[in-house]
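Chains as they are written, first to last, in the working numbering: chain A, 1 to 436; chain B, 1 to 436.
Keep in mind that a hint or two might mislead.
Chain copies aren't distinguished; within one or between two, either way the pair holds.
[Claimed, not checked] Here are the simulated SDA-like pairs of lysine to any residue, each with C-alpha atoms no more than 20 Å apart in a straight line:
#1 Lys230 <-> Ala102
#2 Lys237 <-> Gly227
#3 Lys52 <-> Gly40
#4 Lys121 <-> Gln372
#5 Lys121 <-> Ile375
#6 Lys237 <-> Gly208
#7 Lys169 <-> Pro110
#8 Lys169 <-> Asp74
#9 Lys169 <-> Ile288
#10 Lys52 <-> Pro110
#11 Lys237 <-> Ser214
#12 Lys121 <-> Gly400
No lab work stands behind these hints: they were computed from the structure.
Protein chains: 2
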Amino acid sequence: MSGTTTDNSLPANQFGPSHLLWTECRVLAERAAEAARHIGVTSGAARNSWLKMAAEGLRHRRDEILASNQKDVDAAPGFGLNAAAIDRLKLDSKRLEAIARAVEEVAALPDPVGEVIHGGKRPNGLEVSQIRVPLGVIFMIYESRPNVTVDAAALCIKSGNACILRGGKEATHTNRIFHQILSDTLEQSGLPRDAVGIVPTSDRDAVGVLLQMSDKIDLAIPRGGSGLIKRVSHDAKMPVLKHDAGICHVYIDKSADIVMGVNIIVNSKAQRPAVCNAAEALLVHHEIAQEFLPIAAEALLAEDVELRGDHEACRIVPIIVPASEQDWDTEYGEKILNVAVVADIDAALAHIHRHSSKHTEAIITRDIQAAQHFIAHADSSAVMVNASTRFNDGGELGLGAEIGISTNKFHARGPCGLTELTTTKWIVIGNGQIRG
Amino acid sequence: MSGTTTDNSLPANQFGPSHLLWTECRVLAERAAEAARHIGVTSGAARNSWLKMAAEGLRHRRDEILASNQKDVDAAPGFGLNAAAIDRLKLDSKRLEAIARAVEEVAALPDPVGEVIHGGKRPNGLEVSQIRVPLGVIFMIYESRPNVTVDAAALCIKSGNACILRGGKEATHTNRIFHQILSDTLEQSGLPRDAVGIVPTSDRDAVGVLLQMSDKIDLAIPRGGSGLIKRVSHDAKMPVLKHDAGICHVYIDKSADIVMGVNIIVNSKAQRPAVCNAAEALLVHHEIAQEFLPIAAEALLAEDVELRGDHEACRIVPIIVPASEQDWDTEYGEKILNVAVVADIDAALAHIHRHSSKHTEAIITRDIQAAQHFIAHADSSAVMVNASTRFNDGGELGLGAEIGISTNKFHARGPCGLTELTTTKWIVIGNGQIRG
Chain A
1 MSGTTTDNSL PANQFGPSHL LWTECRVLAE RAAEAARHIG VTSGAARNSW
51 LKMAAEGLRH RRDEILASNQ KDVDAAPGFG LNAAAIDRLK LDSKRLEAIA
101 RAVEEVAALP DPVGEVIHGG KRPNGLEVSQ IRVPLGVIFM IYESRPNVTV
151 DAAALCIKSG NACILRGGKE ATHTNRIFHQ ILSDTLEQSG LPRDAVGIVP
201 TSDRDAVGVL LQMSDKIDLA IPRGGSGLIK RVSHDAKMPV LKHDAGICHV
251 YIDKSADIVM GVNIIVNSKA QRPAVCNAAE ALLVHHEIAQ EFLPIAAEAL
301 LAEDVELRGD HEACRIVPII VPASEQDWDT EYGEKILNVA VVADIDAALA
351 HIHRHSSKHT EAIITRDIQA AQHFIAHADS SAVMVNASTR FNDGGELGLG
401 AEIGISTNKF HARGPCGLTE LTTTKWIVIG NGQIRG
Chain B
1 MSGTTTDNSL PANQFGPSHL LWTECRVLAE RAAEAARHIG VTSGAARNSW
51 LKMAAEGLRH RRDEILASNQ KDVDAAPGFG LNAAAIDRLK LDSKRLEAIA
101 RAVEEVAALP DPVGEVIHGG KRPNGLEVSQ IRVPLGVIFM IYESRPNVTV
151 DAAALCIKSG NACILRGGKE ATHTNRIFHQ ILSDTLEQSG LPRDAVGIVP
201 TSDRDAVGVL LQMSDKIDLA IPRGGSGLIK RVSHDAKMPV LKHDAGICHV
251 YIDKSADIVM GVNIIVNSKA QRPAVCNAAE ALLVHHEIAQ EFLPIAAEAL
301 LAEDVELRGD HEACRIVPII VPASEQDWDT EYGEKILNVA VVADIDAALA
351 HIHRHSSKHT EAIITRDIQA AQHFIAHADS SAVMVNASTR FNDGGELGLG
401 AEIGISTNKF HARGPCGLTE LTTTKWIVIG NGQIRG
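Pulled out of the complex, with its shape left as it was, chain A reads as follows (with noise of 0.2 Å):
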């Protein structure tokens, strides 16, 4: 059919997946359309209903789910896993009642579909409207942390979707136990099981087979390292939803406000490293650089980050070491920051178009013209005038919780919320028209 260039006929060749692995794929991705058919037509009330459910279900079981995460914490190192990892991955009474509080601020939310973006009359009478529907089926793939599970359940359940799970190995027992609570309430409040599915096996190829089915799977999201979103971009026959590398810029211009730039870079840079939204490079006007850098250096110098620059910027404050060139294009992801310094606004645009991933950029500045000339030259999802670049997200935005943040310009680009779980559908009524 037309639509897709999928292939879903059975793997002949013997390089293919087994015939076992591709039956058990495709049943999971029949039952996912098939329950996302059910779930698009649902009212709001049923979905809502069935989060706060969900919300009890897992207060409900906690001493169930403590026990399976109990499992995947003791077999972390046999995963390889430090310390950092480890934590991440454990859950507590507190840290499960977040969880569940975070399902029921999803009710709360207001429910995207059947929204009208556009609507009228027409002259001849027709009455117009394109409303947000479901997507469909949603198949998100991500690493170790297991409350990902349950929000994005949450998420695309909210958003009258279906979705395919498909964690982290770690977080097996977790997983398991998370998905069996979600679809028992799914089914408490009548709404179809296989709703929330959870791909069956930990065949690392099961993911790949998944991919190919783009007549049954709307959208892939992959959450994590640089290298599941490559291989999902590659592999998949669907849209995919990047959530990629931030290699975000924090520009002073040469009419900043030092404290103020100050603030902003420590805090871009050092409030929470290892997010999408840090900064990972300054760039200070020439004209300012003399005078700022050295604060600067010290601010950051106290929040332990290690500064790595270009000729000017070691000239200046000699304690920052020269950078690679390969560093500029680095997502650090921890308390290491790069510093240049510029001619112009202009050279610093130049330098964000060359080594940014297009996610967010902050300019520092009290000219009105130049904050003008940065947002509309800065061809990233987010710019910031004025505020830390740890801003773009969801929350912040005003979008609720989110699912990622998308760096990409299709089909959503920056924090992807409830809107950006729906397509839309347009909706003509009349009586009788027909075109002349």
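Start from chain A and add chain B according to the hints.
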């Protein structure tokens, strides 16, 4: 860099495209990307002024255009074009004037660039807004009709994008003079000449090479037969806006007004059978079939429509010939219509689910519950109630000119006008805010 899986290094092996072809394509793509950066920040007034100048240029150089077009028409039989295809290729003063006027109509449309979609003040005082920005570079690949060259360029530039055009070889001379006029007027109006690029070689491999360059080209739009669309979808490393097959259905509910139903199916099928929003199948509720089908068949036969049907349809109207299994999945594009008698509205929806290309479906009914049920369950880009399928069209829905009708759910669905040639960007204005 993140966000792309493309390797744009020079192809090394002997089976890839030639060095020369690769270089030609690379230069074209790089120039378009550079032009896009400029045109993306121009004012709407500057882009409108070019549109008006281009329309005048087309009128002014009419004789040159018609002479070039005559060369294509003369060569057409050599390419195996039949009379209908040659007619579509041929320009005269009247058709050329229509093309020029269409460009002026695009100038009159509102500017999509900079439109604020969301905005507001956050509790911490940040002023946030999500605005529309151009996509960047759009690669259009299309067949014969040379007006697409001008239409596509007008829509792309109007929405602040650059474009690369690849028309059919049958229209080479016409496309070349059009391109010259578009480029000359771009230069005259102070916009970058390279904002409209044309693939400089007729080498078929050029399309495949350009479709790899996702670092420079943001969107590919194929317009033409299903072979072209399949090939582009398969090869492209960037998103593809698919204007794919229209297998559209008209369902006559048991409560339908019979005269209205007949008028609508005749209009949906026969008014312009070659276009994608024409109907290919008529589904009739069994309780009304005995009364409806003979009248409908007579009206359709009077329009020279050939009828193919299921067992029950053939029984009621013996002139209907049996349809093959494949017929139900066929976009005829001519005056042939499939007819099936269905048990009820859900059987109609099941038939649509199995055979539709998710373009347009219509229900004819007096029953508001049936209308609501059909709207909710028909998963297509547009759903019509008591109106012809032919209204799924950008102009008819009030979007102005359209660049295609997307049968995808991403990044746009249904008729794509100027808005669908944009993406978004968040702008955040603060006065020193940092995250706590």
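Structure-based check of all given hints:
1. Lys230 <-> Ala102: neither (29 Å within a copy, 42 Å between copies)
2. Lys237 <-> Gly227: Classified as both: same-chain Cα gap 18 Å, cross-chain 18 Å, threshold 20 Å.
3. Lys52 <-> Gly40: So Lys52 and Gly40 pass the 20 Å test inside one copy only (19 Å; across, 46 Å).
4. Lys121 <-> Gln372: For Lys121 and Gln372, the Cα distance is within 20 Å only across copies (19 Å; inside one copy 38 Å).
5. Lys121 <-> Ile375: Only across copies: Lys121 and Ile375 sit 18 Å apart there, 37 Å inside one copy, limit 20 Å.
6. Lys237 <-> Gly208: This pair counts as both: shortest intra-copy Cα distance 10 Å, inter-copy 18 Å.
7. Lys169 <-> Pro110: Neither. Shortest intra-copy (34 Å) and inter-copy (51 Å) distances fail the 20 Å Cα cut-off.
8. Lys169 <-> Asp74: within (13 Å within a copy, 66 Å between copies)
9. Lys169 <-> Ile288: Neither: 50 Å inside a copy, 57 Å across copies.
10. Lys52 <-> Pro110: Classified as within; 15 Å inside a copy, 44 Å across copies.
11. Lys237 <-> Ser214: Both. Shortest intra-copy (6 Å) and inter-copy (16 Å) distances satisfy the 20 Å Cα cut-off.
12. Lys121 <-> Gly400: Between copies, since 15 Å is at most 20 Å while 33 Å is not.
Hints 1, 7, 9 from the earlier list are contradicted by this structure; the remaining hints agree with it.
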